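Working from the sequences, and respecting the hints, build out all of it.
There are 4 protein chains.
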Amino acid sequence: MIEYGDNVLILLEDEETKYFSEVKKGGILKTHFGNLIMDSLVGKEFGERINLGLRDAYLIKPSMIDGVFSLKRSTQIVYPKDMAFILLTLDIKPGDVVYEAGTGTGVMTSVFSRQVGESGKVISYEKRSDFLEKAKKNVRRLGFIERVTFVAGEIAECEIRESADAFFLDVPEPSASLETSITILKGSGRICVICPTVNQVQETIGILRSLGIIDIQVWEIMARNYKTNPERFRPEDRMVGHTTYLVFGIKAEGRKFNVKRESP
Amino acid sequence: MIEYGDNVLILLEDEETKYFSEVKKGGILKTHFGNLIMDSLVGKEFGERINLGLRDAYLIKPSMIDGVFSLKRSTQIVYPKDMAFILLTLDIKPGDVVYEAGTGTGVMTSVFSRQVGESGKVISYEKRSDFLEKAKKNVRRLGFIERVTFVAGEIAECEIRESADAFFLDVPEPSASLETSITILKGSGRICVICPTVNQVQETIGILRSLGIIDIQVWEIMARNYKTNPERFRPEDRMVGHTTYLVFGIKAEGRKFNVKRESP
Amino acid sequence: MIEYGDNVLILLEDEETKYFSEVKKGGILKTHFGNLIMDSLVGKEFGERINLGLRDAYLIKPSMIDGVFSLKRSTQIVYPKDMAFILLTLDIKPGDVVYEAGTGTGVMTSVFSRQVGESGKVISYEKRSDFLEKAKKNVRRLGFIERVTFVAGEIAECEIRESADAFFLDVPEPSASLETSITILKGSGRICVICPTVNQVQETIGILRSLGIIDIQVWEIMARNYKTNPERFRPEDRMVGHTTYLVFGIKAEGRKFNVKRESP
Amino acid sequence: MIEYGDNVLILLEDEETKYFSEVKKGGILKTHFGNLIMDSLVGKEFGERINLGLRDAYLIKPSMIDGVFSLKRSTQIVYPKDMAFILLTLDIKPGDVVYEAGTGTGVMTSVFSRQVGESGKVISYEKRSDFLEKAKKNVRRLGFIERVTFVAGEIAECEIRESADAFFLDVPEPSASLETSITILKGSGRICVICPTVNQVQETIGILRSLGIIDIQVWEIMARNYKTNPERFRPEDRMVGHTTYLVFGIKAEGRKFNVKRESP
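Residue numbers (this note's numbering), protein chains in the order written: chain A, 1 to 264; chain B, 1 to 264; chain C, 1 to 264; chain D, 1 to 264.
Treat the hints as calculated values from the structure; they're not laboratory data.
The structure displayed is predicted, hence computed values, not measured ones.
The beta carbon of each residue, even a glycine, is placed where N, CA and C say it ideally should be.
Incomplete in silico selection of chain B near chain D, CB under 7 Å:
1. Arg232
2. Arg234
3. Pro235
4. Glu236
5. Asp237
6. Met239
7. Gly241
Printed below as a string of structure tokens:
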């Protein structure tokens, strides 16, 4: 049952137009299809169909994805296809300590925060104070502000040591921050580096290997969406061709051999 | 620090060969490269390099993926690329009640169990009792047995109503189980149907739509893995071409229009 | 050396804007960047750089692709990625007799015409007379009109028998035309059916198999284009997600077994 | 009607096993399923079904692809998906002069030779004399030997100037041969460089741009093959993940600006 304080996704019957809103006392959601008195939602069930005036709509319990897509963005955000793969491959779980640089819009900050649960912690570095302020608002809006420590500055100046279960590096020039990032990782901790260009991947692999990182993997995730008419089933005409390469690795000690042998 | 009862992934220095093992008192891990006295690992740190006799190896804290890949399989298992996208799109979170049919090897059972946390619950249906027994062992081994209720039988005979935040349907003939699956979902609950063939997708879309499911989406996830030599950077020569289509939807009430309009 | 009657592609120095034009006596090409007196091109070499007034441009000898993309379209045209694969898989070569239905814009008509050479022949069916008239102009413009026989009407009413080395079927409802298409093929002749939807593929496979067609293959061609900055190398952000499935087969006699065995 | 001298593809009824053979007087094709007296094929029609003793088989007129796949290989050969795209994008047509380095197995030599027709010409460089001898046999076997000039040596030592309509560069280190290759091209001629690794692509783009090459394009072609059971339609489980990147460009004179502007 919907209560004050809940977030609700209002999905129009066309299944395209969406509004993300908190159910606040006296709140009004203005849409092209009529105004919605938010108080009227209290007591209704998620899944119900309501009328906005000119159109019907569904009351949907917003997912994490719905939440982050409702945020005001200051930067390019990580796509769901990549977000999902990062969460699983970094193996983020309740109780984990996750470091992140940079905070950007606060999307991954929020996603990690939910994943680490109440017993976990996210420490997020961002050198641009304007981004940081907006990100704090975003994370607060999604309800995870108490799990996050925001730090204004470069990760490279961070002094904490060996405390991260996972490190997520998403900055314009990852190579400069790799050494500090690795230092912060616990033994066997996992890193993910966002590399939009191949050149960044090549440089990142080289540095990670020189730092003793093992099990280096580079992935590219492609998600194809299909039209849902079962009589004329086929993929969408256009798709996302590229977002980023994902570079992963695990911190280990005493690595002897730095290059994988490969037949010429 | 590694303790008795921990699971450890022993990753050889070739970064290919892996052994997944529990640190048991008096345990011995037999490998082609020497026997490992498991007691000797107690007190070591994850990330350390050890010697197996003929080869060095790393002590890695196993991820969920490492865990499920170490299980004895009775069925085809969901690939990580799909697993990640399912978890995020179904929006599984701490406290959720997740239904699943069928249990199969218990891989997704385990993955969901970790994700719902201690306050959540997974109810898993499997009609083949031999699969169910093996799956129970697998889920126990990964430490999540207390969060799971196993049910021997068809989901279609299930009598519980409106209690699932999410439903994961992975059975040979999904169409026969869709109506019950939807009934079990709470309003605004999310379903994912595994459909290896297009024919199953077409049938599933039709049934979901007739049952009033909204926001139906069909996705295909492709993951490309790259060779990690930065001097000769390129994708692997072979890749997985197909695992399954993923069909998602949200339960809602009172849907009026059953077919999305599409230009001819 | 450029002569009267040649086609020229004028490619602006931005390498994006293109003009396709015939070098006609007294002709003028009007562009946003100045007017080009076509006579002034006579005697110049392909590859030369000229000035249009406000911008420089290159004189390029147009490729087949440049030619067909310069045509006025009455229908969706086949993409180069698919066109190339069709030409090779149908094994079109000098001297071949190629049947086609429908003509559409005349793009594949032109492509096949060039490929069969002076000793070959293309017979193209189109039931819409408005399409046919425009297609004739297009094929004439590209210089292949003498190799093509245009037929106004449905391929299903065609009376010629066993004369095609290859058949290219690109009509809205291919299933109705498959039997005639196969009849027209010589023994060992090859067919390609354009099927934008999976449903058409499924139906087409069934009919082809019942008609004794062997070596049935279904392909989907994906072409990824990369940004060409070597310092920031990466794929384009957006790509074509789907054009069509391509179904191929070979005509043979006396087929006994109609369905490939497949493990369940 | 099949005659002496024809090549025939014997395709077993399982539609998997293939034999490529010339119909020679007194020839015998030995197979696991019986011996085939080649004289017995004379007078039969392509497309007919014959009996090999233990199995039936079809007589198929071999395509270019069938031909090149029957060759003895000394090197990795270009895949059909790439071959098709190269032929179309290089715009090879009757009468063209095509240069190639290196010859390798002679596959592209043969493909280009068929495409340029009787009035065209292929000049193929190969520094390894053992490859060259085998390639000559291959090209002769496919019937195109008279259209090809084979040169033993490096393309970089070539002295011919400005005579190629198209250049195909497929050597282990393309960067060393790019300048000569471009010199050989006519104005507005087209080049294709085979680059299996990204590093080669990056280097190739830089050199091509410094040499004034315009319209540089980098493509990656992915071909997905589907299982052809219409009741269980889906892609093959495994696919080719990577063969090569294809770099294309056009020779032009007097290029002023060497780098495409790109927003940061």
